[in-house]
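Trainee: Fit the two chains together into the complex; they arrive one by one in their own frames, and the hints show the way.
As they're listed, the protein sequences go chains A and B. If you read the first sequence in our numbering, its first letter stands for residue 1, the second for the next number, and so on. If you read the second sequence in our numbering, its first letter stands for residue 1, the second for the next number, and so on.
If you are wondering where the hints come from, they were derived from the structure by calculation, not from laboratory data. Take the hints with a grain of salt, since some may be wrong.
As the list claims (entries may be wrong) - Quick look at which bits of chain B chain A covers, simulated, 3 or more residues with Cβ under 8 angstroms:
(1) 14 to 22
(2) 60 to 66
(3) 80 to 90
As the list claims (entries may be wrong) - A few chain A residues facing chain B, derived, Cβ under 10 angstroms:
(4) Met-1
(5) Ser-7
(6) Val-8
(7) Lys-10
(8) Val-19
(9) Ala-74
(10) Asp-75
(11) Thr-80
(12) Leu-81
(13) Asp-82
(14) Leu-84
(15) Gly-87
(16) Leu-89
(17) Ile-188
(18) Ser-224
If you're wondering where the values come from, they're calculated on a predicted model, not measured in any experiment. Ideal Cβ placement from N, Cα and C applies to all residues, glycine included.
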Amino acid sequence: MMRAFISVVKRDVALAVQVGGGGGMAVFFFLVAVSLLPLGIGPNLNLLAKIAPGLLWVALLLSSLLTLDRLFQADFEDGTLDALLMGHLPLELTVSAKIIAHWLTTGLPLVIAAPFLGLLLNLGSAHFLPLVGAMLVGTPALSLLGAIGAALTVSVRRGGLLASLLVIPFYIPVLIFGVAAAGSDVSIPGAQHQALMLLGAVTLVSLVLGPVAAAAALRANLRS
Amino acid sequence: MTRSEGASASHPLRLVAQNLVCQRGGRIVFRDVSFSLDAGEALVVTGPNGAGKSSLLRQLAGLVDVAAGQLRLEGGVPDADIAEQAHYIGHLDALKAAMSVRETADFWAGFLGGTEADVERAFEVFDLGALRDLPVAYLSAGQRRRLTLSRLLIAPRALWLLDEPSVALDAASLARLVGAMEIHLESGGLIVAATHQPLGFAQSRSLDLVSVRTVVEVQA
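With the rest of the complex left out, here is chain B (with noise of 0.2 angstroms):
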């Protein structure tokens, strides 16, 4: 299945968030964080630890349930939520020690729909070739998260969310890395990163989660 992305859809894509509000394990994390995002822009969610970052992306990608507030995607396909059109790289790398590199993104590809010539061109970017045959056992943390990190080229889709993604890269890998991510955000992509370190692109907007967490117990 095969679908329009980016800048092939009818209206420019603009992500929109009012007045979110997270609440996770009884507590509220954050709230009242608002945002707009237009297609080629990169939003770089930073904070300190717990502020939220994680759970913001979460939501956004439909893994953590809004508890108050507004989120939507103008612009992207008709009748497929924000979860569909969206990848989400968190801290878990979700790969299989029993599987090898082609087949883990061969699976990927099938399940994301991509087609032969985005996982050679994934496999390319993220300088993951020569690795193909090796089983995920045996690669190292970097290399398991370039792996990781192809999903976003094996289906094309709109929204990146990144949590976190330079950790474990080094230097050449994540230059791979802001060199992709630029080439979405040209393409009329959108992009949300959390961050600690700075990625270094030129046209990036930056939200800071201020700590709300200062007990703010739930209302019975």
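This is chain A alone, in the form it adopts within the complex (with noise of 0.2 angstroms):
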């Protein structure tokens, strides 16, 4: 049981280094985004130091949001998804690995890059410890939640769009709770703690529901 789960993550980090186009493309993205941000906003030095967490939260969620569709729709196109509805494996499992490998290779490589790009934001190098503590505990989150979007429209061409319509909804309080705990705001007392353990709840509430829900959307897109 073990070896299945650990060979589906082995698989899916190795084609989606070798493939590209997944953590890669959204690094790029996330780099591309927050540098266009400054430009809009004007050189204000306090302006941008104050709402960088937001704005990195906000590109980070945008760059996991484009690599949502190859989760499933590859293994569904070439037929890999019926075979891996029939392993001893149950599919909540299959998919729990799926979801593992999506954020090693797209969650991961972003929070590495966040405090990079805070650099452009003139984000104060205080704030890069909670803000990469607040993303490494509230990325799995939108791993798990996307996977449940990616499920669900695994059956529709350029699902992408669609799934990225479906999920944004959900990744709301991961988004608030997240600014909150990089905390740009100091002014209430321990509002910065009690944010990461929102957000470390909502984690935990996706990662139960994110694979049964996503199991369950894969199942009835095949079986119809």
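Mentor: See the structure below:
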């Protein structure tokens, strides 16, 4: 069972690295989005530093949306999903393995890139650690919730956009608590800590819901 | 994880389908399909295009819901559904262009629970040894087909569901496939194959799916 789980993770990571277009493209989009923002807002360093955590989170959210369509669609189109459904591994766990691989190749690179992009926005060095911490806690929820949208639209051609529309409302709590936990606002004592806890709760709820809902959606799509 | 299969099970295997009904997209594809298949037997499903050959195989594989009727595999692994004891090889080849032949086989061995020796045997039977380091992108249609079919041997499973397995295979490869199927039957396995061209087995039964699609609208 464990061997099957690990082989799915390994395969998906290897495919994402070899084929490209996944994590690399998301990071590149992240870079482009963040470097465009100061041009639009103007060179007000104080303002940029103040809104930097929010900008970084929004850009990260959009970047991770870009990669959702390849989570299940490629496997659906070439018939791999049929065989994955027939394994000894319950589909919920197979889906979890794919979500882990997705996070490793998209979420993690984005989190690593975030502090460097923070430099572009004049983010204070004191904010680096809270930002990276909040993103590490929050980005798994993006992959977990995104999987639901990706699974629902797996049989739709060019379903990526539809998946994004479905998923964005569920990303809102991650965004709100993520920005609060990254903490540009230090006026309320303990607010940052509290937001991080709530962000963790969002991730844990997604961990319970995501694989089950995504597996159910995949089954419904395949069996129709 | 290894599981006993075929001849080693306490009771001989028997696949039983009773009055199967298949409904897809709100239309009845076929109904009242019944057959039973004992260990060591092959069932060749024939019928015109659209008769539901592929739908029947997908139903057996658990990939299409059984609208009505019964389907069971007697004497198999307890607590495992048919899908877990079956290989389904459909029209799609389930291959990734970026992976090499070796990586593809290793993945399926890892996922389905096969050993290194199983992979080597599958490569030998389907003559893939010389191609092992080649990315799938550079394989010909027949070679891709052979790699897809090698999944049958990479992890031993009792029931083989083959949808047009001979597509794109040359005469030599077809002989290799038929050889593998005969060995599978001799060891107590079961095969259900949908095909237009005769595969040339000695012992096989046939099921002709008469088209019942003459617009049977579903009752609301």
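Trainee: Could you run down the list of hints and mark each one as holding or not?
Mentor: Hint-by-hint comparison with the structure:
1. Taking a C-beta to C-beta cut-off of 8 angstroms, the stretch 14 to 22 of chain B contributes 0 residues in contact with chain A, too few for the three needed, and the coverage statement is violated.
2. Counting residues of the stretch 60 to 66 of chain B whose beta carbon lies closer than 8 angstroms to any beta carbon of chain A gives 5, which meets the minimum of three for the stated coverage.
3. Under a criterion of three residues with beta carbons nearer than 8 angstroms to beta carbons of chain A, the stated coverage of the stretch 80 to 90 of chain B is upheld, 7 such residues being counted.
4. Because the smallest distance between the Cβ of Met-1 of chain A and any Cβ of chain B comes to about 6 angstroms, under 10 angstroms, the interface hint for this residue holds.
5. Checking Ser-7 of chain A against chain B: minimum C-beta separation of about 3 angstroms stays under 10 angstroms; hint holds.
6. Look at Val-8 of chain A: its Cβ gets to within about 6 angstroms of chain B, closer than 10 angstroms, so that hint holds up.
7. For the restraint placing Lys-10 of chain A at the interface with chain B, the shortest Cβ-Cβ distance is roughly 8 angstroms, inside the 10 angstroms limit, so the hint holds.
8. Taken as an interface hint, Val-19 of chain A checks out: its beta carbon lies about 5 angstroms from the nearest beta carbon of chain B, inside 10 angstroms.
9. Nearest Cβ of chain B to the Cβ of Ala-74 of chain A: about 8 angstroms, under the 10 angstroms cut. The hint holds.
10. Annotation: interface hint on Asp-75 of chain A holds; nearest CB of chain B at approximately 8 angstroms, less than 10 angstroms.
11. At a threshold of 10 angstroms, the smallest CB-CB gap from Thr-80 of chain A to chain B is about 4 angstroms, leaving the interface hint in force.
12. With a least beta-carbon distance of about 8 angstroms to chain B, the hint placing Leu-81 of chain A at the interface is held under the 10 angstroms criterion.
13. The beta carbon of Asp-82 of chain A comes within 6 angstroms of a beta carbon in chain B, closer than 10 angstroms, and the hint placing it at the interface holds.
14. Annotation: interface hint on Leu-84 of chain A holds; nearest CB of chain B at approximately 7 angstroms, less than 10 angstroms.
15. With a least beta-carbon distance of about 6 angstroms to chain B, the hint placing Gly-87 of chain A at the interface is held under the 10 angstroms criterion.
16. Here the hint on Leu-89 of chain A is kept, as its CB sits about 7 angstroms from the closest CB of chain B, short of 10 angstroms.
17. Hint status for Ile-188 of chain A relative to chain B: violated, with the closest Cβ pair at about 50 angstroms, above 10 angstroms.
18. Interface restraint check for Ser-224 of chain A: the shortest CB-CB distance to chain B comes to about 7 angstroms, inside 10 angstroms, so the restraint holds.
The structure does not agree with the numbered hints 1 and 17 stated previously, though it agrees with the rest.
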